[in-house]
Structures are given as structure tokens and as C-alpha cells.
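Engineer: Chain residues, written in single-letter form:
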Amino acid sequence: MNNQRPPRAECPSACKPVILLFGLLFGLLLILFTGCARQSIILVPDANGHVGKAEVSTTAGSQTLEKPGDMTRTSGSSKPPSAITTASPEYIASTFREVLAIEPPPAQTFTLMFESGTKLTADSQKIIPDIVSASQRPIAISVSISGHTDATGSDKLNDALSLDRARQIKSLLLQSGVKPELISVSSHGKGNPLIPTPDGVAEPRNRRVVVVVH
Amino acid sequence: MKTSVCTVLFALLLSTPAIADPPAETIGHIQTIEGLATIHRDGSTLPGKAGATLLRGDRIRTGKPGALGIVLTDDTTISLGSGSEMTLVDYAFEPKESKFALALQFVKGTLSYISGQIVKLAPDKVQLQTPDATIAVRGTKLLIEIKE
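Heads up: the sequence lines are chains A and B, in that order.
Quick note, the first sequence lines up with residues 73 to 286 if you use our numbering.
Quick note, the second sequence lines up with residues 90 to 237 if you use our numbering.
In case anyone wonders, no lab produced these hints; they're calculated from the structure.
Treat the numbers as computed from the prediction; the structure is a model and nothing was measured.
Be careful, since some hints might not be right.
Calculated cross-link-like contacts (lysine-lysine; reagent style DSS-like; alpha-carbon spacing at most 30 angstroms) [as the list claims (entries may be wrong)]:
| hint | chain 1 | residue 1 | chain 2 | residue 2 |
| --- | --- | --- | --- | --- |
| 1 | B | Lys197 | A | Lys228 |
| 2 | A | Lys198 | B | Lys197 |
| 3 | B | Lys138 | B | Lys153 |
| 4 | A | Lys191 | A | Lys251 |
| 5 | B | Lys185 | A | Lys151 |
| 6 | A | Lys191 | A | Lys151 |
| 7 | B | Lys197 | A | Lys251 |
| 8 | A | Lys198 | A | Lys242 |
So here's chain B without its partners, still in its complex pose (with noise of 0.2 angstroms):
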């Protein structure tokens, strides 16, 4: 029994590390918005509202009407118009590991994209995607409107 509990605690120990640190990183803000927004995540949906935390893997869609403007840690810069959808597929900003990923997909709706600092170190890790085309950037502003 002692032995058993020792392990748990043990494995608590090692675990905590582990579950505190990479899953749960902010990638960035929600920091506008307008009418109503939804985060979904891992299966569940929040509520939008101005100063939300994203996290990596987040998809975000706003109602009719609705809009909402997003700031990601590395200075990326993307806006939702009304009945618009995007997800955040991957991002990683770590240059002290030159470590950099930003993957974002536009699902629908009117949009716009402002580059931020991974683009500037890194523009092959950058990938935007719409239903029909693959965008590379270099450091620039787009609008991009998907009809459904």
C-alpha cells in the first residue's frame, strides 16, 4: 500500500511538468468583437468575448451578425467578418529554439490576415489555407473572402 501510494505521488511529481507546460500555452487574444463568437476546443464551445485566451488547435466562427479580431502572440494579425470561420491549426513562436510554426486554415466568410514576426523569421513555416488554394506570404496584409 505505501509502496503504491509512493508511486502515485511519485508519478504526480513527474507528471505535473509535463501537464502544466506545453498543452495549455496561449497562442494569443481575442482582442475585438462584436455580436456573438464562438471558440470551439477539444469538443466543447466558449463563448467569444474580448480578451479570450486561444490556444493552438482553436477554431473560431463568428454569428450573423458577428465579428472579431484576433492578435496571436507573434504579432499575427486576423479579423472575422459576420458567418466566417477559421481554425488554428498549428503555431509554435519560440526563438530562442528556432522553433516557429503558423498553420492557419480559412474555412468561410470574409477575412483579413496581417502578418506577424514568424513570417519575418521564418516565412517557410507559414502556411494559410482556404478551401481551394495554399498562400505563401512574405510580410503583408490580405483579404480573403470565401463564399460558400
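Here chain A stands alone, though its shape is the one from the complex (with noise of 0.2 angstroms):
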């Protein structure tokens, strides 16, 4: 009894951890045997219509989304993901609405192809307008550049051209009037076919720069 130290006067600093401790403890404990985070992931099409393909997988079990609408429900990671359902329109216009939103238009792609070494198609030539114009809205913030090649020659001498082309065509596109701050450049080489082929194959449809204006 004599031991008995005075009450309050130490609680402060020496229980607040305790109770802190307790707090969090319960708190970890609540979500894990809860469950309380309840997920829903939902397969929909892309802009195009493609409707690919995706696994869902805790460490209890997985379900796999293949068919537009399409859902699984998960409430835990040591739980299996629900069977699969259906997601109904209006879930998804009510859930998703302010998402589906604000969704970044898909963004213009435009491929130029080359005869060999630098030397622009006419065709290609043709699309240079086009780029400037899609990159003159005020929607654009970027316009992204890439150079590929075929899978004929060196990785070397691939991976130079394929940047001379891009190069080339920013240099295009800067005297043609795109604002210099959109632009970036990248050389893919033969990395990013259009057409995968193997080695040493000449493919002219790989031979190509593609600029993607956001």
C-alpha cells in the first residue's frame, strides 16, 4: 500500500502510450476479422468495344472477370472474392458517375511511315497537319513522339534510327507551329512492333514513328 503512487499525477505520460497502443491494436483488429473494407471490381468494355480479361486474386481464392459487366466482390484479404455477378447499369452510373466523368478523352494516335532510313512517306507527310491541329486544342497537354524500326540490322544502329526518326519528325512538327513544351521524344528501336516479327525480318510497317497527342 505504501507503494501506492499518487494518482494522476504520472498518468499522463506514462499511460498515453498504453491507451494509444490499445487504440490502434483494436483498430488493426476491427479490419482484420471485419472484413470492413468491402472492394468491388467490375470488367466493363474500352472506349472500342475490347472487353479483355482480369484475375482477381486474394490469398484465399481468385475469380476471373471475362464477360462485360461482370464482377467480383472481395471483403478481405484472407477471404475468397465472391462469385461472380453481374454489376448493374444503374450501380454503375451511380457509383461510377462522377469517375466515368472526368475520364480523359482517349487520345489521338497517329502513325507516320517511312521508306527506309529518315525519308517520310507521302502519305505520311500528308498527316503532319492533322498532328498540329489535334495538338492546337485546348484540351492537349501533351504530344509524345516515338521512333521504331524493323527487326533488320543492329540493336545499335536500330535503337539510332529509330531516334533520328523521331527527331525528325519533332523538328516537323516544331516549324509546322506545335508548341515546343508539348513535345517529348522517345526511340523504342525495334522493342515496340506494330507487326511482331522475328529478327532480321524487314517488316516496312514497323519502320514508323507514332505521335500520341493527350
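Combine the two chains into a complex, taking the hints into account.
Structural biologist: Here's what the structure looks like:
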């Protein structure tokens, strides 16, 4: 009884961490056992109507979404995702109204083809004004130019050539009035082909510069 | 004294390209925005605005109300509704070196995800994460709701 400390005086410094710790533990347990975070994942068609595939996995199982509107729900990482149901259009429209309204419009993509080296085809030359006007829309914030080659020649040569192609288009666009601050340039060599081919195969459709206006 | 100045200059010369290149690489932009949103980067908070550049590691939050749309350099498109949060955990899009990575962490709120070129070129390098689940995708669009 003699050891009893005067109450309150020491409590704030000594007890606060303990109370905090209990609070934290309680919170953690709540999250672990009630699985309060209920999550829904829904597969929908993209702007072109294309529907891909998605596999949703927790530590306890997985579900594959394959058809438009396929939905699975999770309620904790240690519980399996729910069986597939179909999300109602009303649920999508109400829950994702803001998200769907703010989605950036699809990018405008322009592909410019080359005869060989850095000689632009005549048809592709005609596309330049379209790129310029796309870049002048008020919502345009970036013009990314990527150079590509086919799979003939060495990597070193292709990397240099794809960069030359991209730079050539950059100077063409600058001359035509595209704002320099919008432009970025990258070279993909043979690494991002339109038509995948084995090494050494000449494929004119891969000799290109792709300009994407966002 | 002379030597130390030289050393410093030489070191600067050597280190400049390393500083200028990888860490500050733009991986995407905020394309559309309404209301309040913030970008959290290396302990600082930046205001979200249309045209803002995004870097690897950025955490993005929307206010209430607030909504925004992001486009990454491989065309991956992510939109967030009010009270939402996500992190651009990892990103690499270097077809020349066959180097690809995309790791997104969806933390809360309502989100849409439209896959880009990385999924086409290297589907196994794409990781989408919610608090409960991991999602493997093959070229597609997803809607995700994460209730707190």
C-alpha cells in the first residue's frame, strides 16, 4: 500500500502510449476480423468496345472476370473473392458517375511511315497538319513522339535510327507550329513493333514514328 | 586546395548525368481535373492541376468533391472520383531495353483503369493492387470501388 503512487500525477506521460497502443491494436483487429473494407471490381468494355480479362486474387482464392459487367467483391485479403455476378447499369452509373465523367478523352494517335532510313512516305507527310491541329485543341497537354524500326540490322543501328526518325518528326512539327513545351521524344528501336517479327525480317509497317496527342 | 577544387569539379561533371536522368523522369500527366486534388511526393504535397507531371512513387489523392484523370506515357489511363487515393508504385516503359514495369496501388474511393501498351508488351510486369486483392489484367478496362 505504501508503494501506491499518487494517482493522476504520472498518468499522462506513462499511460498515454498504452492507451494509444490499445487503440491501434483494436483498430487493427477490427480491420482484420470484420473485413470492413468492401471492394468491388468490375470488367467493362473500353472506348473501342473491347473487353479484356482480369483475374482477381486474394490469399484465399481467385475469380476471373471475362464478360462485360462481370463483377466480384472482396471483404478481406484472407477471404476468397465472391462468385461472379453482373454489375447493374444503375450501380455503375451511380457509383462511378464522377469517375466516368472525368475520364480523359482517348488520345489521338498518328502513325507516320518511312520508306527506309529517315525518308517519310508521301502519304505520311500529309498527316502532319492533322497532328498540328490536334495539338492546338485546348485540352491538348502532350505530344509524344516515338521512333520505331523493323528487326533488320543491329540493335545499336536501330536505336540510333529510331531516334533519328523521332527527331526528324519533332523538327517537322516544331516548324509547323506545335508548341515545343508539349513535345517529348523517345526511341523504341525494334522493341515495340506494330507487327511482331523474328529478328532479321524486313517489315515496312514497323518503320514508323507514332505521335500520340493527349 | 587546387586539387580539391578539381576533384569537386570532376565529381560534379561525373554526377550530373546521373542526377539529370532517371529519378526525375516524367511518367505521365494529370489530364483532367475538377475540384481538389493533391500529389504527394518525397514528403511534400503539391497541388494537382491539369498538365501536372507525375513521377514514379507519387501518391495521388482527391478531395471531396474532387476528381481527376491521369494518362501515363504508355497510355495507361486512370481516373479517380471523390475521396480517392492511389499510388504509382513502380513504372518503367523502355521498349528499347525491353524494360517494363507497372505497379499501381489503389487505396480507396472509386477508380477506373484502362490498360496501356505495357500490358500488351509485357502483361506479367503489371501489378494492380487493392487493399484486399491483386488483379492480373489482359488489355482491358476496370471499375473499382474501395469502401473504407
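Engineer: Please go over all the hints and tell whether each is borne out by the structure.
Structural biologist: Against the structure, the hints come out as follows:
1. Lys197/B with Lys228/A: violated (45 angstroms)
2. Lys198/A with Lys197/B: Since the Cα atoms of Lys198/A and Lys197/B sit roughly 46 angstroms apart, the hinted pair is violated (cutoff 30 angstroms).
3. Lys138/B with Lys153/B: holds (16 angstroms)
4. Lys191/A with Lys251/A: Satisfied, since the Cα-Cα distance of roughly 24 angstroms is no more than 30 angstroms.
5. Lys185/B with Lys151/A: violated (41 angstroms)
6. Lys191/A with Lys151/A: Given that 30 angstroms is the threshold and the Cα spacing comes to 59 angstroms, the pair is violated.
7. Lys197/B with Lys251/A: The given pair, whose Cα atoms are some 37 angstroms apart, is violated under the 30 angstroms limit.
8. Lys198/A with Lys242/A: Given that 30 angstroms is the threshold and the Cα spacing comes to 15 angstroms, the pair holds.
Hint compliance for this structure: hints 1, 2, 5, 6 and 7 are broken, all remaining hints hold.
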